[in-house]
Each structure stands twice: as C-alpha cells, then as structure tokens.
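As given, the protein sequences belong to chains L and Z, one line each in that order. In terms of my numbering, the first sequence opens at residue 1 and continues consecutively. In terms of my numbering, the second sequence opens at residue 1 and continues consecutively.
Derived from the structure by calculation, the hints contain no laboratory data. Yeah, the Cβ is synthetic: ideal placement off N, Cα and C, and Gly gets one too. Hints may be right or wrong, so weigh each one.
What the hints assert, rightly or not - For each label pair, taking beta carbons as the anchor points, the in silico distance ranges come out as:
(1) S479(L) <-> A53(Z): 52 to 58 Å
(2) E512(L) <-> A53(Z): 29 to 35 Å
(3) A53(Z) <-> T549(L): 31 to 37 Å
(4) F89(Z) <-> S479(L): 52 to 58 Å
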Amino acid sequence: MDSVFSGGGEMGALMQTLDWSKTAVGPVASWPQSLKTAVRIILTSRYAMFVWWGQELVNLYNDPYRLFLGIKHPAALGKSGRQVWAEIWDQIGPRAEAVLLRGESTYDEALLLLLARHGYHEETYFTFSYSPLPDDQGGVGGIFCAVNEETQRVIDERRLTLLREIAAATAENLALNQVCESAAQCLANAARDLPFTLIYLLDAEGKRLSKAAETGFNAAHPAAPASVSLDDASAVWPFRPVVESGNPVIVDDLSGRFTGVPRGGWNEEPGSAILLPIAQRGQPRPSGVFVAGLNPYRRLDDDYRGFLSLLSAQIGSALANAVAYETEHRRAEALAKLDRAKTQFFSNVSHEFRTPLALMLGPLEDVLSEGREGLGPERHKHLLVAHRNALRLLKLVNTLLDFSRIEAGRIDAVYEPTDLCRFTQEVSSVFRSAMEKAGLDFSVECGPISEPVYVDRNTWEKIVLNLLSNAFKFTLEGSVAVRLRVVGKDVQLSVTDTGTGIPAEELPRVFERFHRVESSRGRTFEGTGIGLALVRELARLHGGTVGVTSSLGRGSMFTVTIPLGKVHLPAHRIQEQATLRPTALSGETYVEEAQHWLPQGSGAPADEPVVSMLPSLVAATGGETAGQRELILLADDNADMREYVAHLLRDKYRVQAVCDGQEAVEVTRRLHPDLVLTDVMMPGLDGFGVLDAIRNEPSLSSTPVILLSARAGEDSRVEGWHAGANDYLVKPFTARELLARIGSHLAMARIRKEQIMASQRLAALVESADDAIIGKDLSGIVTSWNPAAEKMFGYRAEEIVGRSIAAIIPPELQADEPRIQETIARGGRVDHFETVRVTKDGERIDVSLTVSPLKDENGRIVGAAKIVRDVTQQKKTERTLRISERLASVGRLAATMAHEINNPLEAVTNLVYLAKQRSVRSDVRDFLSETQDELARISQLTKQTLGFYSETKKTMPIRVGQLLNQLMPIFAARTRNKAIDIRTEIRGDFEIYAASDEIRLLITNLVNNSIDAVAPGGQILVRASPAAQWRANRRFGVRITVADTGSGIAPEVRSELFEPFFTTKKEVGTGLGLWLCKGIVERHRGSIRLKSSTAPGKSWTVFSVFVPSSGQQSDAEALREAV
Amino acid sequence: MNDTRVCQTPSNAAAGLRRPFILVVDDERVIAETLALILDSEGYGAEAAYDGASALEICRQRLPDLVVTDVVMPGMNGIDLAIAIGRQFPGCHILLFSGQAQTPLILEDAKRLGYDFELLAKPLHPEEFLKKVKDLIGPHDARQKTA
C-alpha cells in the first residue's frame, strides 16, 4: 500500500484500489510532493475536505465529505469537479477559476446551493474555502477545500425566527382580522419555506370557510377562493376531510389542479401543498384551515411537518386570544353600559325620595314648633325622634344624590380661596358636644397655613363631617384628633382615632363604594359603606388623594391631601372673591345622627331646638313652601341704622345686612334676596349704583329695590323712581310704614314672580314634555311642534310647521280631523281621545289626544293646542313594575339601602301612629294624618324599589292554565284599545311545581311585549300545553307559548334581547322584561326560545318557554317523577 | 283587692287569664320601644330589648308568649336568637322582621337547619303588625294561659 493512502479510512482504501493512471493526475508515483502532502492532510482529517488537482480538477476527498456527495459517492472519486457538481457549476465554477488562474483564495459562508445529491434538487447551505495548492514548480497545481454543511442550522433558524415573529406580531394585535393580517405579514417573509399560504376561517355555523389572509398571490387565483362551502364537493382544496378529521392532508398534484401557483422564493412552482387544521383550544372542531405551498427543494420530513404544525398552532392560539379579547371587550362595554344605567336609576330614585321627605318634614316641623309645652312632653319627644329619623333618611338620600352627581359630572363645585384653618375648626366644632358626651377627648389642631386654600366649601365640609362621623362611630373610648397642616405643596387633613381599627386585609378596600368592614365593633350597625367612598370622590374633585393607616384594636388615621394653589382646578369653577356664605347647617344632620348612636340618656335632650332643614330642602327641590320667611338684603354704612332696621325686620323676615354698595351687589348675586333695601348715601358704590347693577343683571333685575335716603323732597323721589327703584323712603320713617311698604312690594314681587314662573314653566313644560304638544291654526296647519313631537312622529319642526296636520293621521281616520276642528271652532275641547296616528316612517302608534282651543288676547279662537300622549294606563303600571325589576340588577346595594331606609321608616311609622293615637287636638291629628299618608307613599316606594329581592320565591304546586285565566283580564283594556285579537288556549292543565309570582311575572312580561309589538288589529295567541323535553334527561312540564303578529325581531338584535337594559321600545322600555324572564326560566331549570320573522306584511314572533313540572328540583328527581 | 290588681297588671288580671307577654328585640332602640308601646296600648304586656343576649336573659326570667325580633343586629343576630329561643323555650312563638332584602337567604339557611320562621318586612304598618300578633297568640283579653 502506498504510504500516502495509509490510515485514510474508506477513502484511503478506495484511492489505493483506483487505477490513477487512467485519470488526469496519473499514477501515484508520478504525483508531485505537494499533492501527496495535500492528500495525506485530507485523509487524516476528520473535517470534510477535498482536493481538485490539475486543470481537470480531479476530485480527491476524504471520509467526512462522502455525506455531502450523497449518491454521487463513490463515482465522484477521480472524476472532474466540473462533472461531479455540474448542477451548481455556474456558482462554484467562477470561484475555482479565481483560485486556478489568479491564485486567490475564496471564502463563502452558508452559500445556498441547490444540490442534486439525493436524486432531486435540494436546498442546501455550505460554508467553504477554496485555496490554491502549489505544484512542485511553484505554480498553482490544484485547489484545496475545507467545507462544512449548514443546511440544518440555516433552515432551523429561519423557521424558528418565523414562529417567533408570528407570536410577537399577533400578541400585539387584538382584533381577529388584525391577527390574520399580522400573521400574513410574517408568513410573506418566509417565501422559501412557504411559497404561498392561505388562512381560511370557519363561520359560526361551521358550514363555510372564508379566506382571512393569503401570502404569495399577487392577483385573484383559483387556488385562493374568497370563500367556500364545506359541503362543496368541487372545492379546489380538500377542506372537508381536514375539518372533519382534524388531521393534515397533503395535496401533491398541484400542477394537475392549478396552473401558475405562486413560486415564493424559488424559480420553480411548488409541486405540493399541505392543509392543516387551525385548532381551537378546548374545541373538537378546528376554527379554520391553514393551507401552505411546500418548498419544492425540501422533502416533507419530520422537521418540516413539525414546523408546519407548530405554525398552525401558533395561528390558532393567536386567533383564540383575539376571540377571547373581543369577548372580554364586549363584556366590559356591557358592564359600563349597565353601570351608567344604574347611576341614572339611583339619581331618579333619590329624587323620588326627597319629595315625600320634604312634605313629611314640613308638617312635622310645624307640629314641633308648638314646643314641648304645646304638645306635651311625651308626644313632643316622639315627634322629635320621628323628625330625627326623617333627617337621617334625608342624609342618606343626599349622599346617594351626591354620588350620582359626581358620576354624571354634574356636581356644581365652586372653588373659593378659604381660610381653611378657621373653616375646618368651625366645621369640626359641631361634633364637640357629641364627642364630649361620649367621653372622648376631642382635639382640633389647625395650621398655620399662610395662604388661602382653594376649596369648594360644601365639599370640604362633607369631607370633614364624614371623617368625623366615621371616627366617632368606631371609637368607643379614647380620643379623636383633627389635624390640618401644610405638607410640602399640599394641605393635609388628618383625623386620628383610638377606635377599633381596620384589619390589614380590609385596608385597601375601605374607600370602595358600599364596602363595609364586616363585624367591626362600633356604636351602631347603621351604615351603607358609602361615606368613605364619598370622601374619596370629593377629595378627587379637589385633585386630592385619600389615605388610611390603621392598627387593629388601636385606632386608625384617615388623611385627605389636596394641593395648594389653583392650577389643578378647572378655571371656570374658581371664584376669586371669598364670599360671606352663612355657615351651612348640614353639620347638624351628621351630629344628630351621631348623637343618636350614644347610649340613651346622654343623647339629645328632648327639648333641644329643632334645626329646621326645610329651607335648604326647599331650595334643593326647587319648591316653594308657605311659611318660609323671605330674605331681605339691607345695605347701610351706618352701623346704628343697620342695627335698627335689621331689628325691625327680623321678626318677619330673614335679614342679611351689609355695610357698603359693593358688598350689597355681591351678596345679591349670590343669595338672590327677595328684596333689597339700600341706603342711597354710601361711600364707594352708592344706592343708585346698587340699583343700576341689579337692574342690569337679567337674573336679578326683577328684585324689588327700596331706596332709603335722608334727602327729602319730590325731586329726589322722582329721581329714585326714574332710576328704576320700586320705592323711595325718606328718613326718618316709622317702623309701621317701612314694614307696610316692604310687605306690599314683596307681595307684588311674588305675584310677578309667579306670573313669570308660570309662563317660564309653561315654556319649559312644552319644551321638555314627554307628550307631543302641537299648535295648529283653524285650517289644521301646524304652527308649533315641540321636541317630544319630533321624537314621537319623526318629523323635525322645520319639516312640518306650515304643513297640514293630516300628515300624521292615518288614511282611514282622516275624517276625525274635521270633527275635531269643528269642536274647537265652537270653543269646545277634546279630552283624552284614544286613537291612532302614524309617524314619518309609517309606524302606527296608539295615542291619547287632548285638544283645546287657542285664543288671542281678544278671546277669539285662532287655533288649537294639541297634546298627544303615547302611553296608556297599562304602560304606566308596567313602568312601576319595571322600577322594581331594575333593582334586581343592583341587588347588593338594594339590600344595604333597604336596611338603612326601612329601619327609620319603621321607627317613624310607629312614632306617628303613637302620636296620633294619643293626640286630642284635631289640627295635630290632621298634620299627623298627612304625615302618615306621605309615609305610606315612601313605604310603597321602598317596597316597589327595594322589595323585589325579598319576594318569596317559594315553589308550590300551581296550574299554569288557571294562572292564565286569572291574568288575561289584566290585558283586556290594552288589547281592546288596539283592537287586538287575543286568544288563550289551554291544552290540559296539570300541576307543576313553580314560584307562582315568578311565572305570573314571566307571562305578564311576554304578553305585554306582544301587545307593544303588534299593530292595531293584530293577533296574539297565548297557549299552555303539556310538553316533554328530551335534551339531557327526559323531562315533562308545561310549554307556555306567546305568539304575535307584531313587527318581528331582527336577527341582529336577537342575541342581545335577553341582556339587561336592552330594549327595542325606545320610549317605554326599561330593557329588563326579557332579562328577568330569562332569569326566572333559568331558576326553574327551564328554557326560553324565540322564533321570529320580519318579512314585511307577514312578520311574526313566537316566544316559547318550557317549565319542567319539577320546578326547582333536580333533574334526577324530575326523572323519577316523570317515570 | 284593689292593691293586688294594681300590683299585678293595670287592666285584665282575672282568674285564669293573664296578659300575654311579648318581647320586642331590635338594636334600633326607637323601633323596639315604639313597638312595645304600641303593644302595650293594645293591652299586651310588652318589653323591649336591644340585643340578643339581653333578650335571652329576659326570656329566662319571664317566659314571653311571643318574641318579635329584628334580624340584622350586631353580635347575636335575630336568626341565632330565634334558634336559641326555639331550643330553650319551645312554647314561645317567634316572629322575625327585617328591613334587609337579603334576609330570605338567611331564612333558607335556617330552614336547612330545621327551623322555619315567619318573616315580616319593615316598614310594617302598626295595624298590620297588631293583626299578625293577634293571629299568632290571640287577643290580649281572651287568651287562656297554656303550658
């Protein structure tokens, strides 16, 4: 053996046996030393190497290189390199030439070469270097090459990159179509692995696939249809087997199916493609199909398959995330909607409570004003307690109102520069006596604060009072300390107590609304968990924050921090001038309540003066009450005169005295006094100036002004009247004269005010009425059209004014109008005439008409005012019912509020009963009767609004047929009005176990919906029949069917139909009826279904409810009973 | 003879008859006291208690014919009190009343433990309340003392 080949492995042995003399290199003995050396090197190396020798490039290679040659080995040994690598010679030939001709070395890293080493062209990557081998003469004898294959690394990296990119791109995008788009952008960059791709998604029914994304295609192509039915046997791709089996399917006859499919990163079209299911987490059926053209230069080996299935899984999970996000998003929106509806609802209910409360406090205060002697100590005490409890209710309702105002963005804060130290001290001091009675040390330490702080005083007062009330409630012994100081650029209020403290786990939640720290020891169980939440909201209004630290059993410290200065406050709400606001009395409600928590005996003494809440209440509700004293503003620079006049007036009026003209104008603007009494001669702004300022301000101009002057004489009097004064009094005047003039001007002002208010009220009424109010002349031409009419009939005012009223009258009723006109022309009226009108859209609505003549100032009839109402009595009762329904969705709050409201109500009811029982005086009894009536109203309201939850849901044996017979008369009036043909059909009536109240509500809701839906003359069928349900377990029960010929329910709203607050009835619906029905049916383990058609002229709706006979028993029990 | 009458009860102390005794429990003192007053004015003997523990104490001293109790109270709640009275004084009638809407749920729990109580909702008109009491233990002047 030639020593040159020894130890050269298989290749050494092969070289040994080869007859080299038949090759261009000649016999081994003739080989130059350099070749021999090179061959020795490659044969002993474990790195793939070869030598191309001579101009022929005769190929000599070592064992590791065999792998790269594939089937070309062993024939390649001794052959020309040109021959061996013919398929890639265009790429490597020039490199070899550079070495041979110019002696230059080459280096290539991961060069793509399409080798045909396994019988097909294959995508491969090589890193290699050619270097010259010298011959013995010093020239270039051949080429030496060390080579490394990188195919696996390059392709693996590329695929991993794609997977990573898709994951990253789809993680950011959240909508379904965005996910597909982003995925496609990434896929388009992987044109070598995936010459083309298609993403198809299945529709909700699982019947149709729609293309969601594609890559590689530049134009429409038969291989990329936009959508395809799963049942389509002629579909271009075998989608169906993929969807049904959940396994990939390979299509390897692309050229037979299509021409010109995209080539992607290659010069050749892919010969085959793969279809992969896009799996859905937790679902047996895939959500779609991923189609990928396959790389023509790679075998579909395990790696490639693994890569493709990872890819479709990646797309699947991105899609699933998108769906989940969309669902979440929709849920969040629905919740937000619900929340707004709740807020609105509470605002409405709170107002409803205030009115009866005001009317209750009035008579109570009247009775109480007789004092202890007049009433007798016991009755007086009872009434005081009743009064206190009514106030407690009022405070709760006011707090709720504050909340809904903040939420609705309607709080009327005015930020004024305030001596916050003094103000805080004043507010805190109202708690002093309660604290002392309770044996608590109470300290208030404020300041110093060098600058005024901008606060809304009402708000600040509420913050302080709520924190104090809270501290008082939970501190049974020890101390409560209020501290106000500057911390950096903020003012910090802290209220520290030695009370029961708050467990650490509750701390983060104490400011949450309606959150109450359970089982904490306090003076009382009262509380809604709303006070601290309000403090937080109020602090936020000041751009501030709240905080709490607490140690269980040792006490708590609450802090409120608000910024100094005013840049953080809305500019239009800042009032620079500090005002002389009379000290607000709202503290009293807090203290009265707090004192009531104290053990009996140390509470408020029975003869404590009653704080009148009436004025503030009336102001808040906008009402007027006889007996409220009028406010007179008195301006005089002479202190003695001021004292004297104020003294004269105080018996009959409330008096606000100021000492100069400027202040008089400011106070008038703020307090809107009923009358201004001003001295003419004052330094600065004189009386005429005050008069001028008042007359020039529209909101004040009607205020009566009386000038007081020492200047006598007709001239000055005329000058005064000329300037617009209502009267002119010359000093000295008698007390009687002053009072008489003031009295008469106030009376005149009242009359004027009433007239103005009446006409304003009328105008406002017309504008804001729910009823359409239409003016027309004697020939039936519309002259005015209010917003409600726009809403009811769909015509805008400018569209219809000037046109005939006949536009809203249905053709068959046109004869009505002349009759109405005739009645009006005679001076008669039409009252509550129930008929039908049509809207602009041709929809018919049931209306009640009231038409009255309009007269000009001479009493001639010039036209008619027409009031159109779109409701019936039935609908009104429904609305009351709905109030209770809405509350079901706010159960938690309802429960808390119920306790808070029902307890004082119970107390007041009992007290009034006792007081009435023991009263001998008839006027007092009358007052108390009035109080009792108002109480009954509140109780009724509470039951309606808060009682829904407490209704018993006990199941009992009932017969649905019987129930139907009882219920149908209720609908008679409404159906008669609309000429609806309503029929009841009872096919057998056996007992079922159910909550009869709930089933009644269910039927009522469904039938009322039908009545609302059908046009006059339509039909409704209500049927009860025995039924069986076969799903899951075989169950027997009753099917209640309510069918109508109404306008039908559009498919797009059907999914929302059972959501709370969803309604198609814009004017009358609360959107709770069907939601409630669904809840009832679910509680009875039944089912509710809907079928409907909106085909014009043939529309109908059928609600079908199945209630199993076993009511709320388990299915198993039901089965036993059924068998 | 006159003395004895005064000492016993103000009005209807006849042989074999006694004024039915009713205990009203509510942590809202005003409610407890006014109800007691109302019952008293109808001729029942009535007393007010402000929490469960003192109510039980009163029961031990003088067994009432009827206990009317609020449900939501600090400490021992009305249901617990009702159960305790039901165990210790089986002859005593119990009436629950509550302003809290969630109470039916608590009642359901009690029912599972084997106690079925009647619940009245606050606010209750005094006349309705008196009618309820009369239905339960009869009018004050015609009631025979029972074991």
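Status of the hints after comparison with the structure:
As the Cβ distance of S479(L) to A53(Z) is approximately 29 Å, the hint placing it in 52 to 58 Å is violated. Between E512(L) and A53(Z) the beta carbon distance is about 32 Å. The supplied range of 29 to 35 Å therefore holds. Look at A53(Z) against T549(L): about 34 Å separates their beta carbons, and that is inside 31 to 37 Å. Between F89(Z) and S479(L), the C-beta spacing of about 44 Å breaks the proposed range 52 to 58 Å.
The structure fails to meet hints 1, 4 from the earlier list, while all remaining hints are met.
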